[in-house]
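Undergrad: Chain by chain, the residues:
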Amino acid sequence: MLLFLLGRILRLLTLLVAVSVLSFLLLELSPIDPVRAYVGADMLKVGPEQWAKIAEHWGLDQPLPERFARWGMAILRGDFGVSMIFRRPVLAVIGERFLASLALMLTAWVFSGVFGFALGVLAGMKQGTWTDRLIKWYCLTLASTPLFWLALLMLLTFAVWLSWFPIGLGVPAGVPTYEVTLSDRLYHLLLPALTLSITGVAGVALHTRQKLVEVLQSDYVLFARARGESGLQVLLRHGLRNIALPVTTLQFASFSELFGGSILAEQVFSYPGLGQAAVQAGLRGDVPLLLGVVAFSALFVFAGNLAAELLYWLIDPRLRPKGDACEQR
Amino acid sequence: MPVSSAKTLLLSCRSFNRRQRTLMVVALTTVCLLALLCGGLLLGEEGLSTNLTNRNMPPSLSYPLGTDWLGRNMLARTVQGLSLSFAVGLAAASTSAFIALVLGLTAALGGKRLDAAITWLVDLFLAVPHLVLLILIAFIFGGGITGVITGVTLTHWPALTRLLRAEVLQLRSAEFVLVSRHLGRSRWWVATRHLLPHLKPQLLVGLILLFPHAILHEAAITFLGFGLSPHRPAIGVILSESMQYLSAGSWWLAFFPGLALLIMVRTFDVLGDNLRLLLDPHSAQE
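Same order as they appear, the protein sequences are chains A and B. Numbering follows the numbering used here, in which position 124 of the first sequence is assigned residue number 124; successive positions increment by one, without gaps. Add 329 to the 1-based position in the second sequence for the numbering used here, that's all there is to it.
Hints were generated in silico from the structure; no laboratory data involved. These numbers were taken from a predicted model, which means no experiment stands behind them. Just so it is clear, CB atoms sit at the ideal spot from N, CA and C, and this is done for glycine as well. Do not rely on the hints blindly, as some may be mistaken.
What the hints assert, rightly or not - Taking CB as the label site, the calculated pair distances span:
{"id": "1", "chain 1": "B", "residue 1": "450", "chain 2": "A", "residue 2": "4", "range": "16 to 26 Å"}
{"id": "2", "chain 1": "B", "residue 1": "348", "chain 2": "A", "residue 2": "28", "range": "27 to 37 Å"}
{"id": "3", "chain 1": "A", "residue 1": "17", "chain 2": "B", "residue 2": "423", "range": "26 to 36 Å"}
Stated by the list, open to error - Just so you have them, the derived chain A footprint on chain B, three or more residues with Cβ under 8 Å:
{"id": "4", "stretch": "444–458"}
{"id": "5", "stretch": "527–541"}
{"id": "6", "stretch": "544–552"}
{"id": "7", "stretch": "594–603"}
Go ahead and model the full structure; you've got the sequences and the hints to work with.
TA: Below is the structure:
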């Protein structure tokens with residue numbers, strides 16, 4: 001167990017280091033001049049001296065190897081630098097934004113998991129019928145739907161026409177932070193989370209259906225039916241137990257798509273999360289923030305994958321090496 | 330459109346067998362996609378010109394998809410956007426399939442170290458959410474359309490590489506390959522005469538199924554504002570522009586272009602799945 005964990009963590013470290021180093025080097029190749037991106041519209045007001053001072057402040061006047069070394073040392077100390085557009089430490093920005101995104105992603109994750117599982121079980125039990133075909137068609141269409149378009153439609157329907165939900169933002173406009181209540185936040189969270197979970201359903205449902213169909217064709221289910229178990233009994237006693245694990249792990253392994261989806265949903269609903277910060281950083285040339293988001297998203301994806309593998313390892317005894325099971329007790 | 334008409338056709342064609350029906354679906358989807366591409370090429374600049382007398386018109390007979398706030402014909406813009414997506418998808422799918430073939434073969438045939446290196450590279454590309462990777466690459470290229478196209482082109486190979494590598498690993502231990510090796514055939518001979526014919530269908534279907542991913546990613550990244558050039562109507566650009574006019578009630582600006590994109594993506598999916606059925610010897614003759 002310990003060895004397995006160590007191996008995974010080592011792998012994470014090599015990947016994280018590679019991601020950060022490659023991103024840093026590649027960003028250096030970008031033709032976008034960070035100072036120019038920072039100065040923006042004030043170009044005419046900023047003289048060459050001021051320009052040089054900004055560059056010096058960020059250490060941009062140093063040669064590449066030196067900058068790289070300095071950046072590497074700072075990262076090792078946990079200092080990701082200062083975001084140019086928010087003018088605050090990158091880690092603080094990421095932490096605050098990630099909490100908002102986490103609320104969004106977690107809601108969508110749970111909802112899509114439960115709903116997708118239910119749909120998949122229904123389709124699998126009714127395999128070959130119209131219910132099954134309808135669910136399959138629905139999921140396949142959903143999988144081809146651009147998320148941001150769906151988000152636009154939701155916005156159009158529920159916020160513009162029906163006015164049930166606010167048009168965007170994470171909190172009501174024009175209200176001081178300390179007066180924002182939890183219900184305000186939830187109210188603003190609901191529509192983006194719903195959008196994100198609707199598209200998340202497709203993958204889980206199709207996977208659940210396929211696994212359930214496999215299980216239902218197995219010998220032990222045939223035997224169970226021969227003993228006289230009804231469809232529901234088969235599902236409860238044999239079906240759910242055998243499909244729960246692969247489906248749960250798949251859901252954990254889908255963190256990457258979840259993160260990508262949240263970027264798009266946040267953009268449409270102007271929800272102030274990490275995804276929106278990533279887009280801002282990319283569009284406005286905020287290199288430290290972009291690097292931070294890339295590293296952080298890699299960590300996030302890895303956490304999901306590790307959770308999936310650990311779950312498999314903990315729950316499925318077949319995957320454990322032989323003597324290991326005794327060692328645990 | 331293509332999908333639904335294919336469905337009704339299927340229902341009325343119960344008398345044909347599965348293979349005939351699959352062939353028809355493949356032909357129909359191919360024709361639809363080619364027609365779209367030709368439409369985009371033929372339309373050219375016409376219809377993109379601004380026409381201030383016909384601004385913000387809802388869909389009508391003369392403007393089936395309505396017009397935008399500059400009086401541009403949305404049908405023309407949508408078709409143009411879709412054919413741009415098609416071109417980006419083609420570049421991405423063919424490049425990715427090529428990279429995947431080379432890396433997959435190398436990983437499976439080139440010894441342990443190379444295999445480990447390539448597996449690590451695949452993991453590296455999958456370690457960051459795809460959209461974040463695209464943002465990064467778009468930024469590296471200066472945020473223009475080149476960055477978007479390069480990003481979409483160069484990031485879609487990992488999944489197919491994994492698939493092909495697994496396939497080759499399985500084939501490598503197949504008996505006919507082992508016999509061939511023992512008879513003294515070189516690795517190269519085995520790779521080209523025994524492995525490639527088996528990989529061809531996988532590669533073709535993989536290539537077709539890469540289109541939907543590439544197209545959706547292209548739309549997503551242009552929607553976020555990368556590669557933004559108002560003169561080049563990409564679907565993402567059209568949709569992100571429409572956001573400003575939604576609260577004014579111009580629903581058609583967002584609804585139809587997105588629906589067209591959905592139909593196009595779904596058509597590629599249907600084409601890929603049906604090709605797989607045809608090319609896979611287990612299901613080809615059902």
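Undergrad: Please go over all the hints and tell whether each is borne out by the structure.
TA: Status of each hint after checking the structure:
In this structure, residue 450 of chain B and residue 4 of chain A meet the distance hint of 16 to 26 Å, their C-beta atoms being roughly 23 Å apart. Hint check: residue 348 of chain B to residue 28 of chain A, Cβ distance near 55 Å, so the stated range 27 to 37 Å is violated. A C-beta distance of roughly 33 Å is found between residue 17 of chain A and residue 423 of chain B, which places it inside the suggested range of 26 to 36 Å. Under a criterion of three residues with beta carbons nearer than 8 Å to beta carbons of chain A, the stated coverage of the stretch 444–458 of chain B is upheld, 7 such residues being counted.
With 1 residues carrying a beta carbon less than 8 Å from a beta carbon of chain A, the stretch 527–541 of chain B misses the three-residue requirement, and the given coverage is violated. Counting residues of the stretch 544–552 of chain B whose beta-carbon sits less than 8 Å from any beta-carbon of chain A gives 4, enough to reach three: the coverage restraint holds. Three residues within the 8 Å Cβ limit are the bar, and the stretch 594–603 of chain B against chain A gives 3, so the coverage statement holds.
When each numbered hint is compared with the structure, violations occur for hints 2, 5.
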